[in-house]
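*Asks:* Sequence:
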Amino acid sequence: MQLRRHVLTLWSVCAAAVALLVVGCTAQPTTSGTPPRATASRPSPFNATDTAWILLMIPMAERARQLTDLAPSRSADPAVVTLAANTGSTLRTDLRRLRAALKLSGVPDTRPHEGHNMPGMVSLDTLDKAAATKGRPFDRILTDALRAHFTQSRVLCAGEQNQGRADEATGLAAAIAKTTSRHIAGLDHL
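Okay, so the sequence shown: first residue is 1 according to full-length UniProt numbering, each after it adds one.
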């Protein structure tokens, strides 16, 4: 049932992205009397699933990275600090790659998920609680939030790999899915 809800969430995001793309791609009037010049355009290899996935993964990774950045000053456990540092490094790399894929797609970063709290996304409330907590309570907040993030990331990456079209996006989804599995294993060892 939970997997079905996650798949439906991904499809809802994709439908919203398609609507945004259709609205954003309408012809714009020209101000001069000259008709627009004809250009040969090639279709983008990115489909709506690709761009919706990228636009969702960016804020998810940003929020998780913000949480991992708190660990050195809040955690009581050196193993948690190490895990957070490794996770933060991976998230920074993922963010660079996601932003590069978004740029390559030609879709503007409209940040449609700014301020949203969605399954697996570290909430602003969680970030506030984590920033106000130290020791074992912080460690619990961090590990629970990262586990939810990684679990949802795997679901979203599977959806992208199954329904995406652009090699850049589907390949990135495969890479992120692989590292999330490694990070979940790290959480299991704490």
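Careful: at least some of the hints might be erroneous.
Restraint-style ranges between C-beta atoms, simulated for each label pair [what the hints assert, rightly or not]:
#1 SER181 with ASP109: 36 to 42 Å
#2 ARG111 with ASP69: 30 to 36 Å
#3 ALA175 with ASP125: 14 to 20 Å
#4 HIS116 with ARG147: 16 to 22 Å
#5 GLY135 with THR110: 36 to 42 Å
#6 ILE184 with PRO45: 42 to 48 Å
#7 PRO78 with ARG111: 16 to 22 Å
#8 GLU114 with ASP144: 20 to 26 Å
#9 LEU124 with ALA174: 25 to 31 Å
#10 LYS134 with LYS103: 20 to 26 Å
#11 ARG165 with PRO78: 40 to 46 Å
#12 ALA79 with PRO45: 39 to 45 Å
Worth flagging that the hints you see were computed from the coordinates, not collected in a lab.
A quick note: this is a predicted structure, and the numbers were derived from the prediction, not measured.
The beta carbon of each residue, even a glycine, is placed where N, CA and C say it ideally should be.
*Asks:* Falls inside 16 to 22 Å, the C-beta gap from PRO78 to ARG111?
*Replies:* violated, 35 Å
*Asks:* Within 39 to 45 Å: is that where the Cβ-Cβ distance between ALA79 and PRO45 falls?
*Replies:* holds, 42 Å
*Asks:* Does the Cβ-Cβ separation between ARG111 and ASP69 fall within 30 to 36 Å?
*Replies:* violated, 20 Å
*Asks:* Should the hint that GLU114 and ASP144 are 20 to 26 Å apart at their CB atoms be regarded as holding?
*Replies:* holds, 23 Å
*Asks:* For the pair LYS134 and LYS103, does the Cβ-Cβ distance stay inside 20 to 26 Å?
*Replies:* Because 39 Å falls outside the window, the suggested range is violated.
*Asks:* Looking only at beta-carbon atoms, does the pair LEU124, ALA174 fall within the given range of 25 to 31 Å?
*Replies:* holds, 30 Å
*Asks:* Does the beta carbon distance between ALA175 and ASP125 stay inside 14 to 20 Å, or does it fall outside?
*Replies:* violated, 30 Å
*Asks:* Quick one: are SER181 and ASP109 within 36 to 42 Å, going by C-beta?
*Replies:* Violated, at about 28 Å.
*Asks:* Note whether the CB distance of HIS116 and ARG147 lies within 16 to 22 Å or breaks it.
*Replies:* holds, 20 Å
*Asks:* Are ILE184 and PRO45 spaced within 42 to 48 Å by their CB atoms?
*Replies:* With Cβ atoms ~31 Å apart, the hint is violated.
*Asks:* For the hint 40 to 46 Å, verify it against the beta carbon of ARG165 and that of PRO78.
*Replies:* Given a distance of about 44 Å, which is inside 40 to 46 Å, the answer is holds.
*Asks:* Is the distance from the Cβ of GLY135 to the Cβ of THR110 consistent with 36 to 42 Å?
*Replies:* Cβ of GLY135 to Cβ of THR110: about 39 Å, so the range 36 to 42 Å holds.
Of the numbered hints listed earlier, those contradicted by the structure are 1, 2, 3, 6, 7, 10.
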